[in-house]
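Trainee: Just so you know, the protein sequences line up as chains G and S, in that order.
Here our numbering is used: the first sequence runs in plain steps of one and ends on residue 111.
Here our numbering is used: the second sequence runs in plain steps of one and ends on residue 225.
These are calculated hints, taken from the structure and not from any lab test.
Check the hints yourself; a few may be wrong.
Not the full set, but computed from the structure, chain G residues with beta-carbon under 10 Å of chain S [unchecked claim]: (1) LEU11; (2) VAL12; (3) GLU26; (4) PHE30; (5) ALA42; (6) PRO43; (7) GLY82; (8) ALA90; (9) GLN97.
The beta-carbon is built from N, C-alpha and C at its ideal position, and this holds for glycine as well.
Each chain, written out:
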Amino acid sequence: EDKVVQSPLSLVVHEGDTVTLNCSYEVTNFRSLLWYKQEKKAPTFLFMLTSSGIEKKSGRLSSILDKKELFSILNITATQTGDSAIYLCAVEAIGAQKLVFGQGTRLTINP
Amino acid sequence: NAGVMQNPRHLVRRRGQEARLRCSPMKGHSHVYWYRQLPEEGLKFMVYLQKENIIDESGMPKERFSAEFPKEGPSILRIQQVVRGDSAAYFCASSPRSGNTEAFFGQGTRLTVV
Numbered sequence: 001e002d003k004v005v006q007s008p009l010s011l012v013v014h015e016g017d018t019v020t021l022n023c024s025y026e027v028t029n030f031r032s033l034l035w036y037k038q039e040k041k042a043p044t045f046l047f048m049l050t051s052s053g054i055e056k057k058s059g060r061l062s063s064i065l066d067k068k069e070l071f072s073i074l075n076i077t078a079t080q081t082g083d084s085a086i087y088l089c090a091v092e093a094i095g096a097q098k099l100v101f102g103q104g105t106r107l108t109i110n111p
Numbered sequence: 112n113a114g115v116m117q118n119p120r121h122l123v124r125r126r127g128q129e130a131r132l133r134c135s136p137m138k139g140h141s142h143v144y145w146y147r148q149l150p151e152e153g154l155k156f157m158v159y160l161q162k163e164n165i166i167d168e169s170g171m172p173k174e175r176f177s178a179e180f181p182k183e184g185p186s187i188l189r190i191q192q193v194v195r196g197d198s199a200a201y202f203c204a205s206s207p208r209s210g211n212t213e214a215f216f217g218q219g220t221r222l223t224v225v
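Let the sequences and hints guide you as you build the complete structure.
Mentor: This is how it looks when you write it as structure tokens:
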């Protein structure tokens, strides 16, 4: 059964810190890994990764995939209170339409 | 484009009642996915539908749960004879084609069974 595990489950840091969120996965016929941000409401799409070693970047957020070791990291630099949210990692298999989600990392940024 | 609209946002049902959750996809989207999120857990896939067709219902419980996406109108997730364990947030996502990178999520319906 396909599986996604995120760590840590919860993280509290101060504004301005840099954080690294982890996502490891087991999936048959891997197609892609996706990161979402969930702030009390709808998950919003951040990144999709399909190839190892290619960093995706959007402002202060960046993510990279390691298909050999089966994990991905999401980095957030110079964190702001608006970054407080649950960050979800999900994988998609070839031929499957569904996403398999991890349990999420609850990130809290204190001023 | 109003985005994916789910209603109601909050729904309270007594044990044994029926719950109907509605999802109106974004304009031009003909693919709908339903996910369930239990407290402190990630989203769990339930069902994937295209207009008038159920494509993948491998995540749906075998009993009491059903879903439809008619030619006209929203997609409906129906839960009959609800039990306390059905309490969760139910999210739908819509996409213009198969695949998840273009999928947008709705705000969710929080179902509470009392």
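Trainee: Take the hints in turn and mark each one as holding or not.
Mentor: Comparing the hints with the structure gives:
1. Hint status for LEU11 (chain G): violated, given a least beta-carbon distance of 15 Å to chain S, over 10 Å.
2. Among the interface hints, the one on VAL12 (chain G) is violated; its C-beta lies about 16 Å from the nearest C-beta in chain S, farther than the 10 Å criterion.
3. Violation of the interface hint for GLU26 (chain G) is found here, the shortest Cβ-Cβ separation to chain S being roughly 15 Å, above the 10 Å cut-off.
4. Nearest Cβ of chain S to the Cβ of PHE30 (chain G): about 14 Å, over the 10 Å cut. The hint is violated.
5. Residue-level restraint check for ALA42 (chain G) holds (minimum Cβ-Cβ distance to chain S is 4 Å; threshold 10 Å).
6. About 5 Å separates the beta-carbon of PRO43 (chain G) from the nearest beta-carbon of chain S, less than 10 Å, and the hint is met.
7. A least Cβ separation of about 18 Å between GLY82 (chain G) and chain S goes past the 10 Å threshold, and the interface hint is therefore violated.
8. Taken as an interface hint, ALA90 (chain G) checks out: its beta carbon lies about 8 Å from the nearest beta carbon of chain S, inside 10 Å.
9. Restraint check, GLN97 (chain G) versus chain S: the minimum CB separation of about 5 Å is within 10 Å; hint holds.
Comparing the model with each numbered hint stated earlier shows that hints 1, 2, 3, 4 and 7 do not hold.
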